[in-house]
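Student: The listed protein sequences derive, respectively, from chains A and B.
Counting in numbering that gives the first Met the number 0, the first sequence runs from 0 upward without gaps.
Counting in numbering that gives the first Met the number 0, the second sequence runs from 0 upward without gaps.
No lab work stands behind these hints: they were computed from the structure.
Treat the hints with care, as some may be off.
Said to hold, decoys possible - Some chain A residues judged to face chain B by a derived CB distance under 8 angstroms, without partners named:
#, residue
1, G10
2, P35
3, L43
4, H47
5, F49
6, S88
7, H90
8, L91
9, F278
10, Y282
11, I292
12, N308
13, M310
Said to hold, decoys possible - To spell it out: a stretch of chain B is covered by chain A in this simulated footprint if at least three of its residues, at any positions, have a beta carbon under 8 angstroms from a beta carbon of chain A; those stretches are:
#, segment
14, 260–274
15, 291–302
Where is the CB? At the ideal position from N, CA and C, for every residue including glycine.
Protein chains: 2
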Amino acid sequence: MPVGTQGTVKGLTPLQIEETGAQIILGNTYHLMLRPGSERIRQLGGLHRFMAWKGPILTDSGGFQVFSLSQLNKRTEEGVTFSSHIDGSRHLMTPESSMKIQEDLGSDIVMAFDECPPGDADYDATRKATERTHRWADRCLAAFKGRNQGLFGIVQGGMFEDLRTESVDFLKERPFSGMAIGGLSVGESKPTMYRILRHTAPLLPREKPRYLMGVGTPADLVNAISVGVDMFDCVMPTRNARNGQAFTSEGLINIKQARFREDNTSLDSKCPCYTCRTFSRAYLHHIYRAKEILSSVLMTLHNIAYYQNLMIQVREGIENGSFEQIRQTTIKQYGALDIAGSLEEL
Amino acid sequence: MPVGTQGTVKGLTPLQIEETGAQIILGNTYHLMLRPGSERIRQLGGLHRFMAWKGPILTDSGGFQVFSLSQLNKRTEEGVTFSSHIDGSRHLMTPESSMKIQEDLGSDIVMAFDECPPGDADYDATRKATERTHRWADRCLAAFKGRNQGLFGIVQGGMFEDLRTESVDFLKERPFSGMAIGGLSVGESKPTMYRILRHTAPLLPREKPRYLMGVGTPADLVNAISVGVDMFDCVMPTRNARNGQAFTSEGLINIKQARFREDNTSLDSKCPCYTCRTFSRAYLHHIYRAKEILSSVLMTLHNIAYYQNLMIQVREGIENGSFEQIRQTTIKQYGALDIAGSLEEL
Chain A
0 MPVGTQGTVK GLTPLQIEET GAQIILGNTY HLMLRPGSER IRQLGGLHRF
50 MAWKGPILTD SGGFQVFSLS QLNKRTEEGV TFSSHIDGSR HLMTPESSMK
100 IQEDLGSDIV MAFDECPPGD ADYDATRKAT ERTHRWADRC LAAFKGRNQG
150 LFGIVQGGMF EDLRTESVDF LKERPFSGMA IGGLSVGESK PTMYRILRHT
200 APLLPREKPR YLMGVGTPAD LVNAISVGVD MFDCVMPTRN ARNGQAFTSE
250 GLINIKQARF REDNTSLDSK CPCYTCRTFS RAYLHHIYRA KEILSSVLMT
300 LHNIAYYQNL MIQVREGIEN GSFEQIRQTT IKQYGALDIA GSLEEL
Chain B
0 MPVGTQGTVK GLTPLQIEET GAQIILGNTY HLMLRPGSER IRQLGGLHRF
50 MAWKGPILTD SGGFQVFSLS QLNKRTEEGV TFSSHIDGSR HLMTPESSMK
100 IQEDLGSDIV MAFDECPPGD ADYDATRKAT ERTHRWADRC LAAFKGRNQG
150 LFGIVQGGMF EDLRTESVDF LKERPFSGMA IGGLSVGESK PTMYRILRHT
200 APLLPREKPR YLMGVGTPAD LVNAISVGVD MFDCVMPTRN ARNGQAFTSE
250 GLINIKQARF REDNTSLDSK CPCYTCRTFS RAYLHHIYRA KEILSSVLMT
300 LHNIAYYQNL MIQVREGIEN GSFEQIRQTT IKQYGALDIA GSLEEL
């Protein structure tokens, strides 16, 4: 899922998003509740109409951003009190208000409001956050009234296998429409993330969508898919694009490098996207250096198309038995870790 | 002509430019010669291929920007020595080098290298600049070797009718493919600009395209058309768009105003562009306030479409006799001056 934080996938029109092959996008509840406000979006016909996106939308719960972006946040059993990063205004967010806000936004997939401990939290802090996440999950289920919406539960448990198992066990009995793995890619090392991921993902019920939140690189995706993950969201393709970084069949390249100044070939010779069909690396280099808006647009278009095309190949590969080969190729392209490596390697 | 200064109409893909109805765009020789360099663009296949624009391109001569953007410029009979605004490097631009650079860029319409005096230049300074412009025009004609390119002459003469007449008389005998009026919208008052425009435009040969450079508002365009102008370029639709200003059938509006926060209507109810077909003012207000790239994209798309649609109406109006009514309506929408007013009014 491309990330459309403030009601826009940065730089792209909905038509351009569609053109990348993306079928579903993510909206950030925290940003939208503060500006323009979820009540206003509801009055304007909901987030789909507001941003003119016809496909499905998943909204996160706001919980992660409340911790990471807002100032002066204070957590209690009731919820989280925080100051807006925009104007400093005080807000209280609870499982109940998160459900109400996401209902107002009218997203198709609503995420439970959880407490995500930092990557270096100790066992006791992680256990407490995980247990609170479970109590909040039940409050979300009780408060959730979304019509034509699905509610996903979020597994926590930090970097501790037994807490992850407990969290899956607690949540898998509940009537969630899908299950997410939260609390990864929050500052821990990649080997730790892979260790927890390969422990947790296989525990999730196979009949529900399995969603790894906030991850990751192309290699992360194919690795996670190999242990059972179905869905991802990440700002990486969009954010890196704005910094001149492109994901390609040759790995990650940075278009601002002088070696591309006179390069009349396309950004990725294997990519069928508009950017690669139409422009040279020399042109993309030029508009990046000239700080042109079109640089963000064209690079974003390509990176999202790259991710979507990788997922198309993966889906086909799972059908026709070539998935493992795609995974190995991708790992090699990015010089990445193999999630199937030994625990010592991880 | 939308302005594509650095090889991109800011924010829009070539497909989006096409969609606005624009048939020809302008590129700035000064910017492109400094970055990425005209020689490099030639090696990469020319400006059309570089920026993937299939329609015609007009390039200015670089003269105006050399005076207005570069530092430490020094004018002699040979040409202009100046420092790049990007890296301070020293360059000499002459009529001959301007022809060569525009040939390298491969534009369809090449502009003569002229000397544009400031709007408040006195008679003597203006006369000298105009006479030099004429000598340079002959040097441009002698140096111009463009295949499949046309060369336009530029009328100068500042705010003095007799110098404008002399300039037209000098240039109209030469084998230019079109004639441009330069040296307006350079700091003079609107009445002064209209006075000179209505004196000069009718003097131009009717069988060649008549191009008013760097102008202007929608009212300026319909006023200039009424005295015979055929072509325009201006950064106004694109630059204003990035500042939140939209040209509409209700006149100029600024989308950042709080009154648009909950306005679920389109930016301009009479406009058929993608922005107006797809998004509400409330959404455009939101993404402007959130400083989203898409704000520049969608507002630019609309403003260029607005200008193009105005020109479509004008062309139809000239055919079917309704042009004067369109002109009056546009003047009223923008509370603008009427170029046909008395000299006292101007």
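Student: Hint by hint, note whether the structure agrees.
Tutor: Going through the hints against the structure:
1. G10: holds, 4 angstroms
2. P35: Nearest chain B Cβ about 5 angstroms off; hint holds.
3. L43: With a minimum Cβ separation of about 5 angstroms from chain B (threshold 8 angstroms), the hint on L43/A holds.
4. H47: At about 12 angstroms, which exceeds the 8 angstroms cut-off, the nearest Cβ of chain B leaves the hint on H47/A violated.
5. F49: holds, 5 angstroms
6. S88: Violated: closest Cβ of chain B sits about 15 angstroms from S88/A, beyond 8 angstroms.
7. H90: violated, 18 angstroms
8. L91: Constraint on L91/A not satisfied, violated at 23 angstroms.
9. F278: Where the cut-off is 8 angstroms and the nearest Cβ of chain B is about 6 angstroms from F278/A, the hint holds.
10. Y282: Since the shortest Cβ distance to chain B is 5 angstroms, the answer is holds.
11. I292: Holds, about 4 angstroms.
12. N308: violated, 19 angstroms
13. M310: Check failed: Cβ of M310/A comes no nearer than 24 angstroms to chain B, outside 8 angstroms.
14. 260–274: holds (count 4)
15. 291–302: holds (count 6)
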